[in-house]
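*Asks:* Work from the hints to combine the two standalone chains into their complex.
Protein chains in written order, with this note's numbering: chain A, 1 to 110; chain B, 1001 to 1113.
There may be inaccurate statements among the hints.
Quick list of in silico lysine-lysine cross-link-like pairs, BS3-like style, CA-CA up to 30 Å [what the hints assert, rightly or not]:
id : chain 1 : residue 1 : chain 2 : residue 2
1  : A       : K70       : B       : K1079
2  : A       : K105      : A       : K2
3  : B       : K1079     : A       : K42
4  : A       : K67       : A       : K56
5  : A       : K105      : A       : K42
6  : A       : K70       : A       : K56
The hints are simulated quantities; they were obtained by calculation from the structure and are not laboratory data.
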Amino acid sequence: QKEVEQDPGPLSVPEGAIVSLNCTYSNSAFQYFMWYRQYSRKGPELLMYTYSSGNKEDGRFTAQVDKSSKYISLFIRDSQPSDSATYLCAMSGNNYQLIWGAGTKLIIKP
Amino acid sequence: SQTIHQWPATLVQPVGSPLSLECTVEGTSNPNLYWYRQAAGRGLQLLFYSVGIGQISSEVPQNLSASRPQDRQFILSSKKLLLSDSGFYLCAWSSGHEAFATNFGSGTRLTVV
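Bound conformation, chain B alone (with noise of 0.2 Å):
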């Protein structure tokens, strides 16, 4: 069965600080991954979504980026944080002929303090 691992759960980090959230998939290859925010109370937001090794695709402009160095490892990054930066971040992911069937993470909690 297929499994997701995404960590830490939870992150405190001085403003200005860098960034590193790392995301594996386990029992599927070639999947789609996504990294989204959510905030308090709020819907969930897409940052990012690659289809493949290499390629990431941008949905909202922010000091953040991402990387997909191997198939089933994606990372969330950035070289200096901010405070609006604080939120609950979620990778997932989905299979090519399945995209629209999306599978989470248990999500990390950034606080930027």
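Isolated chain A (complex conformation) (with noise of 0.2 Å):
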């Protein structure tokens, strides 16, 4: 069993649609959860992080930590088509390393 799961998709959604993007997890002792963008042959983009369990927001986007069911989701409202992107998890406990999800590759539709 991996320790961060993630649905590689493709998730296609019509445009303005409400988009929610998960990963579950395995190691309880995560403290950190973080979700990035990565558009076609770029790196990585931080989008959000957030800190133990709650929800945090940041104009259209929402993130949501739930570590009793070891759950973490990003919502997207009035989905763009320049949202079209690879979405990846990440999370990490005290140290230097994040553990990765394999990203879920999202489609707006025009």
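*Replies:* So, in structure tokens, the structure goes:
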């Protein structure tokens, strides 16, 4: 079993829809939870990070962490074609290493 | 503001040839530095990380090596490339108190032929 599981997709939704992206994990020691966006042939870009449980909102993006279920989510409201990218989750404990999901390819159809 | 430079953007090398990829970070001191590899359609694999000059930790045994000759310079090398070394190589950095908030360079797409 991988430490972090993420559905690779692709996930295709119409423009304006609410998108839900998810990851599950097995290591209860994880404290930091990150979401990265990666456009084709580019490096990943940090979107949001959350410490421990709870929600965090930044514009159209909301990150949720449920440590009791070992489940994290990223919601995108009013999705735009420019949101089409691969979204990677990552998490870590109190060290320098990140454990990554495989990434979900998201396609927003105009 | 902090920036990270990674070059070249693309590279085609024959099997058995050497490799040197360089990465530099500006606008911060004593960063944690990382080399990742990403296979097509897959997640990121940590290859090496460094918390200071001359301090290199290897995560995956292979024919690659890394060096950190200066505080903000990180180099990925190989003496003889294999076909299996093809992939997308990413340099990244984080600051000591926010090691989880890693920032990436634009990547090098390496094709070994």
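*Asks:* Which earlier hints can't be squared with this structure?
*Replies:* 1
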